[in-house]
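> Read in this note's numbering, the sequence shown has 1380 at position 398, and its numbers run on one by one without any break.
Hints listed in this document are in silico derivations from the structure and should not be mistaken for laboratory results.
Wrong hints could be hidden among the right ones.
Heads up, simulated DMTMM-like pairs for lysine to aspartate or glutamate below, C-alpha to C-alpha not over 25 Å straight-line [unchecked claim]:
no.	residue 1	residue 2
1	K1821	E1770
2	K1158	E1147
3	K1385	E1357
4	K1758	D1863
5	K1709	E1725
6	K989	D1052
7	K1010	D1112
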Amino acid sequence: MRSEGSKIYVGNLPDDIREREVEDLFYKYGRIRNIKIRGRHGGPAFAFVEFVDSRDARDAIQGRDGIRVDGSRIRVEMVKGNGPRGRGGFGGRNDYQDVRSRRGNYRQSTGYSVRVSGLPPSGSWQDLKDHMRSAGEIAFADVYKDGTGVVEFRSPSAVDKAIDELDNSEFTSHEKEKSRIQISRESKRDHSGSRSRSRTRSRSRSRTLSDRRSRSRSHSHSHSRSPSPKRSRSRSDSPAKSRSRTRTRSPSVDRTPRSASRSPKSRSRSGSRDRCYGSDSRRTKKMFFGNSIGDIFLLSKFPNITKNDNFEATVAASYPQAVEFHCGIFIDNENIIHSTPQDGVVEGKLIDVIKELNPDKLDILSVEQPTLIKEKAVGWAREQIGCGYNYLFTPFNEIVDEKKPIYCSQLVVEAYKNANDGSFIFEEIVMRFTDDKGKVLQFWVEYFDKHKAKIPDDKLGSHPGQFKNSKYKKMLKTFLQNPNSIFSTLNFVSNSLVGNVGSKTIPLISPRDGSILSNLSLADQEFCNKTISIANNSYEEWKKLSLLKKSSIFLNVGRLLRENVNLIAKIESTDNGKPIREAIWDVLSAADCVEYFASADLSGRHYPYDQASGRSGYTKREPFGVVCCIGAWNYPIQTAMWKIAPALICGNSVIYKPSPLSPVSPVILGMLFEYSGLPSGVLNIIQGDGECGKILCLDKDISKVSFTGSVSTGKNILGYCSSKMIKPATMELGGKSSLIISEDADIKSAVYGAMMANFFSQGQVCSNASKVLVHKNILPQFTKLVVEETKKLVIGDPLSLKTHIGACISLDHMNRVKNYIDNSINLGATKLCGGDILKLENELSNGYYLSPCILTNVDSTMKAYQEEIFGPVMMIIPYDDDEEALQIANETIYGLAAGIFTKDLKRANYFIDNLVAGNVYVNTYNDTAPQLPFGGMKQSGYGREQGHAAIEAFSQIKSVYLNTSGEYTLPLNIWNNSWSLN
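Using the sequences and the accompanying hints, generate a full structural model.
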């Protein structure tokens, strides 16, 4: 039923906006019934968006009114009457201010509902809806006076998930009232309920496109480098015994990988092979990234074929030619309908099918069709449940049985055909069971002999692989069942994973246990050159893409990072050795960064410098072109995003070279950007050593370089950037920072600040303050407490949430840090705790673990005093007065960071003004925020990352001078012969 107040007006939209982009803006607030775009003709466009539920319309108003879209703030209002103001009018802000006190839409009875009890008095239906969204799509939510509520979901699996994951969870109302809620299945007699209590709710939402709860979807299309053949050769759906031990009836399909000889001739490559990562089977919604009703899943096996060394062929497909052997259609996020040799057409859970069949690859394809068509297709597929399996691949129109047997891809094709009044959405293909010479493959000879049937060669049919090349494909997402396979192929070019990229390889070792994760293939000169060419060719297309479309991609990436934070953090921790708690923070920090730059301000300024003569000017920001970014190993995903996000949003294409010590996270970012709709070749991740970095920096088509690392390497890179041609470079280099603990500081806070400044990420942070300057009057108390607290830190498995100190990045680096400690002790320093190489038990015995160390009695003759240690070593240095503390802090060639703990604002300002450092922390340390620039002074580099300064770093200013007077005369008659100095 259409409810009153379900239509909103959206004004001040870009004149080139499309319906799909409007849908991206409002999709997250609820089901959309209709979108109509009006206006244009050179001016701003406006749109009407009608929701199924009026409360979703109100959510959309509160969440989107006033946000920036393509540089302009849009206006979102409730539609009043039948037309614009004066003819029924649109309500302004005052018209919808109190809509939350009115009753919402009628209950939508889906039959999938839960009863919620224990709600706090201020809990509203909006609060309840927000709290329960993680379980699945919600059709209706309501709360009652007795502290109970009801939630209607759109799928039965959401009910199970709500009970399993949200029962006894902590609920917070919009007024910050908290309670523990209980969730149970709702029986039919519960539907009457008591009267709803007040729904007044005044929560504030972020008015930017980087809304943390965004579910805006990418609508990327294929960028295939390889055209699909006109005739596809077909299938390998053979029966197999079921081995499922789950409660759900899990159908079975042939588990045996098909060899190349059994595969069909069709070898088309999907261009938009968007790759992403999921979590374990207990979190299937996050694993499959929000797929919905009517989507299609494809399962593939990788045949054992010889890899093509040709670069273009390798880049065109991310894997050896995968063979799709099974498919089906989604009912909701995790439940599917498919046809199997064992059971025919059945309903089940995709996660069970994956466990049973163990595919090498899972693709999920979204279809470019209205929701109503998708629902009809699923409805038709449901009606076929109980039908047998079409072993003989007989065309559907030739089957005479009332309950027609049907094979997997036939089920999908016929479902959409029936939903479209008999019209084919997916084109039928001619089935082939022969090799390249026209000879029937032996597998099929035996197969059809077994079934005593004629081979249906040249018959019309379908195949799971055909869907990837359909013109109705909206999005193709790829999920690798085993996320650890990410370690095997770590070059990502032209939206594809690429294997061998050069003759040189090095082992990728996990600091956690010393195990070899893979052999890392390092890019050679040829691979670097071709990657640069690919990035250069993609630059023009990306530069011209509107900011709105770029922002949509960025918001998708942020959403995926948040949805899959635990899995990505686990990979990061395995690769880097940092505690998983910190890795989680790093992933969320990367999400903050990409969401911040989604709403970047790229506008220039207008200068009417001589209006009388019609002269004016303006500035505009333009990208450099191809940008080379070289990252560090201590913050792999954060460093990568700090460079990639601003570079891309400015319109550059990017080649990112991670450190060989922790190369994995940037590859995951590449996959997530691709999945979110980034065009092919715009972001490329290549692995390499110093020679690879040199090749990139010297190339004439690299227009800008951004580097994070040591001072010595930074000097080399600057040399490369100026040896053949002048190219700008951002240098984020090392540091030797000090943290000052003043006499009036809160000692406990200062102790925690000093620990953060030295032991976070095993001390492997460029801004770390290894010199802790403590006023002599509080030295005993501070020293005693900091030693006590340091000894409490848990050193152990980086994958454990209990761990505070993980593993050093490598054996060489651990020994280097240990040498700084030993050298200082030999020269007279006193070790108060730590500084020992530890051998942990069991599988961690070969990991690189060093206990956090505190030294006193250090002086300027020691290397640890002068040089960047980059490890968990704190040096406590007493001082007498502020002038001495300032002198010690500034007596270094570096100027990256410094900090002070004090309660005296005047003292704080004194140090802020006089510390020579790019980042100064007051009563905190090592904070980061995407809004604030980060960078150093002196030998710590120049240029800034983060904030608007990063936009300035990755773009160039162009000044435009305009004469609109209609004529041009020589100023001052400078070419007039009669003019003279006399």
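> For each hint, tell me whether it holds in the structure or not.
The hints, checked one at a time:
A C-alpha spacing of about 22 Å is found between K1821 and E1770, which places the hinted pair at or below 25 Å, so the restraint holds. Between K1158 and E1147 the CA atoms are separated by roughly 21 Å; this keeps the pair inside 25 Å, and the hint holds. Only pairs whose Cα atoms come within 25 Å are accepted, and K1385 paired with E1357 is accepted, the gap being roughly 22 Å. Our distance criterion of 25 Å between C-alpha atoms is met by K1758 and D1863, whose separation comes to about 9 Å.
Of the pairs offered as hints, the one joining K1709 and E1725 is violated, with about 48 Å between alpha carbons and a cut-off of 25 Å exceeded. Taken as a hint, the K989 and D1052 pair is honoured in the structure, with Cα atoms around 23 Å apart against an allowance of 25 Å. A hinted pair counts as satisfied when its Cα atoms are at most 25 Å apart, and K1010 with D1112 qualifies at roughly 11 Å.
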